[in-house]
Structures are given as C-alpha cells and as structure tokens.
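*Asks:* Going down the list, the protein sequences come from chains A and B. Residue 1 is where the first sequence starts when you use my numbering, and the numbers rise one by one after that. Residue 1 is where the second sequence starts when you use my numbering, and the numbers rise one by one after that.
Keep in mind that the hints were calculated from the coordinates and are not lab data. It should be emphasised that the depicted structure is a prediction, and the values quoted were computed from it without experimental measurement. It is possible that some hints are incorrect.
No distinction is drawn between identical chains; accordingly, a pair holds when it is met within one copy or between any pair of copies.
Stated by the list, open to error - Dumping the calculated DSSO-like pairs for lysine-lysine here, alpha-carbon to alpha-carbon at most 27 Å:
| # | residue 1 | residue 2 |
| --- | --- | --- |
| 1 | LYS335 | LYS177 |
| 2 | LYS67 | LYS276 |
| 3 | LYS214 | LYS67 |
| 4 | LYS387 | LYS413 |
| 5 | LYS387 | LYS67 |
| 6 | LYS177 | LYS214 |
| 7 | LYS162 | LYS387 |
| 8 | LYS67 | LYS177 |
| 9 | LYS276 | LYS214 |
Protein chains: 2
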Amino acid sequence: MSSNDYTPLWQELGLDLDNHAGLLGVLSDAYRGIYLAQANRPRGMAYFDFVISEVHGLRIKEIYEAKRAGRKVVGGFCVYVPEEVVLAADGICIGLCAGAEVGTAEAERFIPRNSCALIKAFMGFKLAGLCPYVELTDLIVGETTCDGKKKAYEIFDELTGKVHVMELPHMKGPAGKRLWLGEVARFRETMEKLTGAPLTLEGLRHGVAVVNAKRRALQRLSRLREADPAPLSGLDALLVNQVSFYDDPVRFTAKTNELCDELEERVAAGVGVTAKGAPRLLVSGSPMAIPNWKVHAIVEGSGGVVVGEESCIGERNFRDLADEDFVTVEEGLMKIAERSLTIDCACFTPNDERPGNIAALCERLRADGIIHYALQFCTPYLVEAYKVETSLAGVPFLRIETDYSMEDFGQLKTRLEAFIEMLR
Amino acid sequence: MSSNDYTPLWQELGLDLDNHAGLLGVLSDAYRGIYLAQANRPRGMAYFDFVISEVHGLRIKEIYEAKRAGRKVVGGFCVYVPEEVVLAADGICIGLCAGAEVGTAEAERFIPRNSCALIKAFMGFKLAGLCPYVELTDLIVGETTCDGKKKAYEIFDELTGKVHVMELPHMKGPAGKRLWLGEVARFRETMEKLTGAPLTLEGLRHGVAVVNAKRRALQRLSRLREADPAPLSGLDALLVNQVSFYDDPVRFTAKTNELCDELEERVAAGVGVTAKGAPRLLVSGSPMAIPNWKVHAIVEGSGGVVVGEESCIGERNFRDLADEDFVTVEEGLMKIAERSLTIDCACFTPNDERPGNIAALCERLRADGIIHYALQFCTPYLVEAYKVETSLAGVPFLRIETDYSMEDFGQLKTRLEAFIEMLR
Numbered sequence: 001m002s003s004n005d006y007t008p009l010w011q012e013l014g015l016d017l018d019n020h021a022g023l024l025g026v027l028s029d030a031y032r033g034i035y036l037a038q039a040n041r042p043r044g045m046a047y048f049d050f051v052i053s054e055v056h057g058l059r060i061k062e063i064y065e066a067k068r069a070g071r072k073v074v075g076g077f078c079v080y081v082p083e084e085v086v087l088a089a090d091g092i093c094i095g096l097c098a099g100a101e102v103g104t105a106e107a108e109r110f111i112p113r114n115s116c117a118l119i120k121a122f123m124g125f126k127l128a129g130l131c132p133y134v135e136l137t138d139l140i141v142g143e144t145t146c147d148g149k150k151k152a153y154e155i156f157d158e159l160t161g162k163v164h165v166m167e168l169p170h171m172k173g174p175a176g177k178r179l180w181l182g183e184v185a186r187f188r189e190t191m192e193k194l195t196g197a198p199l200t201l202e203g204l205r206h207g208v209a210v211v212n213a214k215r216r217a218l219q220r221l222s223r224l225r226e227a228d229p230a231p232l233s234g235l236d237a238l239l240v241n242q243v244s245f246y247d248d249p250v251r252f253t254a255k256t257n258e259l260c261d262e263l264e265e266r267v268a269a270g271v272g273v274t275a276k277g278a279p280r281l282l283v284s285g286s287p288m289a290i291p292n293w294k295v296h297a298i299v300e301g302s303g304g305v306v307v308g309e310e311s312c313i314g315e316r317n318f319r320d321l322a323d324e325d326f327v328t329v330e331e332g333l334m335k336i337a338e339r340s341l342t343i344d345c346a347c348f349t350p351n352d353e354r355p356g357n358i359a360a361l362c363e364r365l366r367a368d369g370i371i372h373y374a375l376q377f378c379t380p381y382l383v384e385a386y387k388v389e390t391s392l393a394g395v396p397f398l399r400i401e402t403d404y405s406m407e408d409f410g411q412l413k414t415r416l417e418a419f420i421e422m423l424r
Numbered sequence: 001m002s003s004n005d006y007t008p009l010w011q012e013l014g015l016d017l018d019n020h021a022g023l024l025g026v027l028s029d030a031y032r033g034i035y036l037a038q039a040n041r042p043r044g045m046a047y048f049d050f051v052i053s054e055v056h057g058l059r060i061k062e063i064y065e066a067k068r069a070g071r072k073v074v075g076g077f078c079v080y081v082p083e084e085v086v087l088a089a090d091g092i093c094i095g096l097c098a099g100a101e102v103g104t105a106e107a108e109r110f111i112p113r114n115s116c117a118l119i120k121a122f123m124g125f126k127l128a129g130l131c132p133y134v135e136l137t138d139l140i141v142g143e144t145t146c147d148g149k150k151k152a153y154e155i156f157d158e159l160t161g162k163v164h165v166m167e168l169p170h171m172k173g174p175a176g177k178r179l180w181l182g183e184v185a186r187f188r189e190t191m192e193k194l195t196g197a198p199l200t201l202e203g204l205r206h207g208v209a210v211v212n213a214k215r216r217a218l219q220r221l222s223r224l225r226e227a228d229p230a231p232l233s234g235l236d237a238l239l240v241n242q243v244s245f246y247d248d249p250v251r252f253t254a255k256t257n258e259l260c261d262e263l264e265e266r267v268a269a270g271v272g273v274t275a276k277g278a279p280r281l282l283v284s285g286s287p288m289a290i291p292n293w294k295v296h297a298i299v300e301g302s303g304g305v306v307v308g309e310e311s312c313i314g315e316r317n318f319r320d321l322a323d324e325d326f327v328t329v330e331e332g333l334m335k336i337a338e339r340s341l342t343i344d345c346a347c348f349t350p351n352d353e354r355p356g357n358i359a360a361l362c363e364r365l366r367a368d369g370i371i372h373y374a375l376q377f378c379t380p381y382l383v384e385a386y387k388v389e390t391s392l393a394g395v396p397f398l399r400i401e402t403d404y405s406m407e408d409f410g411q412l413k414t415r416l417e418a419f420i421e422m423l424r
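Work the whole structure out from these sequences, hints included.
*Replies:* The structure is reproduced here in structure tokens:
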C-alpha cells in the first residue's frame, strides 16, 4: 500500500510475505471502495487515510526503531489494558490485529470453530504470520473479560510466550474493586520488570495526561456528531476510533483535534456528509476492530448515517477520564483502576449502567434507532441484548449477529435497508 | 411415572400439567429403554430406579412438606454452590432441572440460539413450567463460572426474583482466594437472612460432615469402578452421580454405600456388567445433567464401558473433601471455600491441574481412552480440550461436541463405535 519497501522489515519480523502482500492488497482495495469513494469528506481525514496506507509500513518502522532505542512494546485486545501505565514506563501500547478473517483454518486447529470472529482473527493473524504488531511486542496483555478470550490467551501464550493475563472481576462491588486494584498494581510490577526501572510519579502523570488528552479528543469528535447533518460519516468516525488504538497517542490527539476544528466549522456552516434529516443510527455492542467496516458501510450506503458507536472501539474507550489529581504512584494507579471500572462492559453481572448509558447517548446524539451489533458467539453482548432492548422500549431497535465474512452481506443489507426505511 | 397422584401438587406449583405429563412419559420410556434394559445390574440400583420413578413425585412431596415445616430450599446449577452452608442452616440444597431439551422456543425468546444446551434447558424448564424444583426454591444460587450462565442468571432473576449470584474468581492466586472467601461469607449472610437464624458452629460441622460423607460414598463408588470387569455400568454410575444432586443427602449416602457393599462382593467374585477386557472409557468435560445419558448409552451399547466421569457431575463434585477440623464458623467457611477452590473447572485460567488430574484418573481407572465431551457452545471446555489433548499425548482421545437433541445420535454412534473398535 506504500511506495516504500518494507519487505526486509516484514521478513525480519517473520511475516509470511506472500500472504501478507495479498492481505495488504485486499485491504487497499476495500479501503478505496469503502472510504475513498465517500463524498464530501473533511480534509482532516487525509491524515487517517495516510495512517491506513502505512498501517503495516511506517507505523511498524516507527515502533521497530523505538524498540531498538530501548522502548518496550505492549500489545492487547481490550480497553481494560492500562495504557497509562505502559506510557508511564515509556512503553508503546498498541491494539493487535483482530479485525479480519485471516488464518481461520490455522486458528481452528487450536480453538473451536464456534469462537467469535475477533478471537479467531487474533489467533489467525499470529498463526498465519500476518500481524507485524504482535511480532514487535515485548508483552501481550490479556484479560478475563470473556470465556473465549480468557481461554484462548492460554494457547496464545504457548504460541508467543509473552502473555500477561489480568483478572478483571465480573461484579463491581468492593471485593471486585479490590481485586482489580491489585491487578493494576501487579501490572505495574510486570512493567517495571520489563523495563528494569521503577515507575515514577512524573511518568504516571505523563501517562494519564497523554491518554486523557486522547480521550478528550475522541469525546470532542463524539460531540460533533450530534449535529444534523452529521459533519462526518460514521465510517470515518469509526476509523478514527480504530486508529486511536495503534497510532502514536500524542500525534493522534493533535490530528484528531485538527479534524475536530474543521468539523466545528462544518457544523457552524451547516455542512454535512448527508442531507439534513437522514436517519441517524447508534451502533451498540461488540467492538469493531480494524478493518471491520461492514455494518457502517451498509448503513451509510443505504442512506443512513451512523452517529455513534456504543462499543469498546467507541464510547466505552473514552467516555470517562482518569482523575489526574494524585500525589503518589499508588494513588495514581488507584485512579486508573477506578476509571476502568466505570466501563460498562457486558462481562459484568449485572451491568446495570449500560442501558441508561445507551439511552443517554441515544438522546445526546439524537439517534433515530439503535443497531445492536454482536459478533456471533460473543455471549456477553448477545445475552445482554435482551436487557438493553427491553429497557429501551420505544426506541427502534434492530439486533444483528454477524462475523467478519461477507457471506451475509446481502442479507444484512436487506435488513438494514428496511430498518432505515422505517426510520424515515 | 408413579402410581400416586401428584397432580394437585404440580398444579399448586404452577406446572403446565399437559406438557409435564408428556415430559414424564418420555422420561419413563427413555429410562425403560436405556436403564431397565441393561443386563446384570446390581440389586442396589433398585433404589435409584425408584428415585427416578419418583423424580417429580415423592421427592417433590418431601421437599414441599419440609418447606411447609419451615425449612428453606436452595437450588443451583454448579458444584461451587456451598451445599455445606445450606445444610448448616437446615436448608435443602438441590440441583435444578437442566438436562433435557424442553422449552427451547421459549428460552430462545430470552437468550441466544447459540447458548449451550444446559443453559437453554434451565431457562426452558422454567419458562415451560416443567421444573417443580425451581418452583419450590426460596433461593437460587448462580455463579460467574461461564459467560452463558453468568448473563442468563440476570434474566433468570427477572423471571424468578430469587437469584443470588456468587462471584467465582477466574485465577487461583491469593487475590482470587480472598475474593471467594468473601463470597462464601456473603452467602452465609444471605442464608442467615433467609432463615432468620445465625449459622452455628454445630450446624456447620453437621453440614460439612453430611456432604463429606456423601463425597466419600461417591469416591468409594469411583474406586470400585477400577475393577475389570467393571462391576457397574457407566450408565448406572452416572445416574448415581446425577441423583446425588437432588436426593436427601443422608439417605443417598446410605443407599450408595449399600450399593458399594454389593459391588465389593461383585469385584471379589469377579462379576461385572461386561466381559473382562471390554474397552474402558473415561468421559471428560462438560457436566451431564439428568436425564442426559446419550454418550454413555451409545458407548455401552457399542461394547465399551464408561469407568469414570471427569466432570462436575462426577469426579469434580467429590474428589476433594472439606477439612472438618475447624473451631469457629469463620474457620469452617474458610475450609469450605478452600475445598471448592481445588475444583479444576475450565473457568479458571490457567487450569493447570486438570490435565494432571485426568492423567492420574485415567491411570487409576485403567481407562483405555478418553472421550472429551463438550456441550456445543461450552467455550471453557471446548477451548481447554486442546490443552488436555496435547498434554495427554499417547492416550487415545476422541473429542465430541454435542447437545441434548437426538439428531446427531447416528453420527455420534458411528464415531464412538469406531473409537471403541480401535481400543480393542
């Protein structure tokens, strides 16, 4: 996808060069067809187009060079990974490849056929030698959010030898909070062992400030999507959220704020990506890892506009900030842990905040309807859909259960078109 | 299934009488075809035949009368429910209906189609009005063992209004142990609130003694299955284990020990249910709730004999005893919590003890092969099958993934017959 030749680097990382070239070709075609074909995009999206064009290129080179300069690389698959602590230790924190249907046959030698697409993908990317990020990691952080990931991490650790699992409680009482505080403290020790240096108060303040600034930029982007007409497509907003998981956080924040400056002008001028009054959809549920753009592409190809993602790659990632008011490392870790426990992941029981959060989000974004999106076999979100739907009585609600394949594209399109038509 | 007329009782409990009569008819036919048709059964199985014939009859009447006399009834679906604490509070502890394909359409209105058969069954039994046990409970104890149950309990609580969820940790370090000790203490408070009386040391000693005696009887039964020829069919042994979850524990223990006395005579005389040298199978994995007898029936109809169940309805339920040496209620609760943390459930990560436990069991029972049995969508056991299989290299190993339906009976039979043939 890039004019530079990263082949020697990919070779050094042990990627399967032929298959990797194929993957980048498919990704490039999909991006052109889905993203670049959009009309009336903000100029500020050019940066994100560039980032995607260099997703396995320049960014990998950057991380590779940082690693050679002694920085540690930490990968993960979840918003509970304490990015602040990684940054405090001068590490690089990245989301690993989990959004495309690759290496399925290889993955199914290790995990059940009935695993969700995200889990199959992270196993498949590793086994097929297609994820340069995972090869650059010094540490991979797993968590006990769901059965599928929790148990797959055991095998992923056999394959990589560098998985550190954090136990996330499943209830939010005082005992669960105590457990999680302990896990964040244990993660600090793991980072200290990895870097050989103690975490400092200054470092932690820096880490929290950087991640909070990123979250503030994403909050700002989310607020700009309240406007009608929406100044930005859901596809582009989703992309920005996806990129937030692996771009350099300071650069990302600056570029996202630049985009928001432009969007503010658009909103003031009443400029949007659709006509005013286009049906506005909130997508809620399982995360959409890059390059999973299927539902957004269908919705926006059918005259609707996605105005929000109630998802880990979306609101759940940035809704709450960590409290920056702390005077010791221990207190800072507590603030970080407390923030992550405000996340309304369906792995908690009960997860009573989520329906209210969705209702509030729906109102703020002036959404006309909710698409409850669950990956097939994603039990927590699939079961919770019942409570979400019943608690939002009156809001048009469509449940979708899908994976990364294009086999159900036609069927999804028919259902989403009908739903959007109903909202007009 | 019984000559007595329990119809008024079932009516009072709100069962769907027509469907319930149908269910009992099917169960009775299945029992006759699978159990009573077996040759050379021990006389001591007559008690268990009787128990099954009165599964929704006499036992329900007993519990109903105990309840009217003021005793509390606690139901659950898991070996982590602290039965000792229930008995300490003079309560009755029972496993609820979860082993048959009933109420599927009703269940699927609330939970995903891709839920495991056990979860669909407990939802279905309740929704279809077919489980008299659930109607008699004062409290239902849930646990956070797997995503499917954890999230379904939220809906089960909406339907019943009496679910108490215990948070089981997913890692076995000191933090997890602390969490679980706290949960057992919290359960004690719930029981005290339910009964209105404080738990006494005497009561807790009694509870632990009764449950340990039951476990000892089941351990004895397991040891008797080491003999070749096996003195008892796997079907009958499975039934005894299933009945252990809802029979009166003192009576059950006496009857199981009577059966064991007879089996000892058989072993001494070299009497078995099959010829000496018949292929011996260990079934490992997901629990088989009553009346789920499918795999055992196929194996034993194909010339094999099941000699053990490495399962929650099996070894995991009775392998370890609680330490009876305690002098305060708090210490007793700690001993109970410590015992349950020795259980090698696949919900833990890692669950390193399990492969070694299976290997030891395999050796003790002189098993020729292992059938790894997982309910479809039972993610913890399905994923863990990989580690179990790779750690047991050299032991013939067959993976089965099934549900409660009879649709795959033919296919399973073909695979199991071929596996057994290979072991000869």
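*Asks:* Give a verdict on every hint.
*Replies:* How the hints compare with the structure:
1. LYS335 / LYS177: both (12 Å within a copy, 24 Å between copies)
2. LYS67 / LYS276: This pair counts as neither: shortest intra-copy Cα distance 48 Å, inter-copy 64 Å.
3. LYS214 / LYS67: within (23 Å within a copy, 59 Å between copies)
4. LYS387 / LYS413: So LYS387 and LYS413 pass the 27 Å test inside one copy only (25 Å; across, 40 Å).
5. LYS387 / LYS67: Answer is neither: 45 Å inside a copy and 33 Å across each miss the 27 Å cutoff.
6. LYS177 / LYS214: within (25 Å within a copy, 37 Å between copies)
7. LYS162 / LYS387: between (37 Å within a copy, 18 Å between copies)
8. LYS67 / LYS177: neither (34 Å within a copy, 38 Å between copies)
9. LYS276 / LYS214: Classified as neither: same-chain Cα gap 29 Å, cross-chain 71 Å, threshold 27 Å.
Comparing the model with each earlier hint shows violations of hints 2, 5, 8, 9; every other hint is respected.
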